[in-house]
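Undergrad: From just these sequences and the hints, can you work out the full model?
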Amino acid sequence: MRDSTGAPAHALPDCRGACAVAVSGPRGRVFPPGLRGPQRSPARSCHGLPAARAMGLSSDSPVRVEWIAAVTFAAGTAALGYLAYKKFYAKESRTKAMVNLQIQKDNPKVVHAFDMEDLGDKAVYCRCWRSKKFPFCDGAHIKHNEETGDNVGPLIIKKKET
4 MRDSTGAPAH ALPDCRGACA VAVSGPRGRV FPPGLRGPQR SPARSCHGLP
54 AARAMGLSSD SPVRVEWIAA VTFAAGTAAL GYLAYKKFYA KESRTKAMVN
104 LQIQKDNPKV VHAFDMEDLG DKAVYCRCWR SKKFPFCDGA HIKHNEETGD
154 NVGPLIIKKK ET
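Residues in the sequence shown are numbered from 4 upward in steps of one, following the numbering used here.
Derived from the structure by calculation, the hints contain no laboratory data.
Nothing here was measured: the structure is a model prediction, and the numbers come from that model.
Do not rely on the hints blindly, as some may be mistaken.
Quick list of in silico lysine to any residue cross-link-like pairs, SDA-like style, CA-CA up to 20 Å [as the list claims (entries may be wrong)]: (1) Lys108 / Pro138; (2) Lys136 / Asn110; (3) Lys108 / Tyr88; (4) Lys163 / Asp121; (5) Lys146 / Lys163; (6) Lys161 / Asp141; (7) Lys163 / Glu120; (8) Lys135 / His115; (9) Lys163 / Asp124; (10) Lys135 / Asn103.
TA: This is the structure:
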């Protein structure tokens, strides 16, 4: 069915820009220009529909629902991607746990030097940093290995038997 201009009957008539003239009011309502005070009512397009609905901005608009769904999906995908990146690719930037927890913390580097003549036949040195007799081993690595799953052991230096 067609109207007198030849356009389909369901098509809205040409407003010649009249629908675009409106003023935004409080709470997002759109009002026609020139109205002030209690007589203001939501602006209507030249077709008798509220201006917001004519522009496709109503809350039940399928376009708005599609945009909300698309943005939600994109945000969820981005969040999952970021979490996967942090889990699998950002391991190099992690700080490792401190090994020396208590021995000579006031020094920038812990160094011990021993003369070979002073060692005797055998010397056992701590490498787990948990020994109470540090730098000598007292077997504290056994408890450390059980707690952490590590496999550290002492450094054993002995003279070659001839």
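Undergrad: Next step is simple, just say for each hint if it's right about the structure.
TA: Evaluated hints:
Using a Cα cut-off of 20 Å, the hinted pair Lys108 and Pro138 holds, with the two alpha carbons roughly 14 Å apart. With a C-alpha separation of about 18 Å, the suggested pair Lys136 and Asn110 falls inside the 20 Å cut-off, and the hint holds. Taken as a hint, the Lys108 and Tyr88 pair is broken in the structure, with Cα atoms around 35 Å apart against an allowance of 20 Å. Between Lys163 and Asp121 the alpha-carbon distance is near 15 Å, which keeps this suggested pair within the 20 Å criterion.
For the proposed pair Lys146 and Lys163, the alpha carbon gap of about 30 Å is over 20 Å, so the pair is violated. The straight-line distance between the Cα atoms of Lys161 and Asp141 is roughly 17 Å, inside the 20 Å bound, and the hint therefore holds. Simply put, Lys163 and Glu120 have alpha-carbon atoms about 13 Å apart, close enough for the 20 Å limit, and the pair holds. For the proposed pair Lys135 and His115, the alpha carbon gap of about 16 Å is at most 20 Å, so the pair holds.
At roughly 9 Å between alpha-carbon atoms, Lys163 and Asp124 fall within 20 Å of each other, so this suggested pair holds. With a C-alpha separation of about 12 Å, the suggested pairing of Lys135 with Asn103 holds against the 20 Å cut-off.
Checked against the numbered hints above, the structure violates hints 3, 5; every other hint is satisfied.
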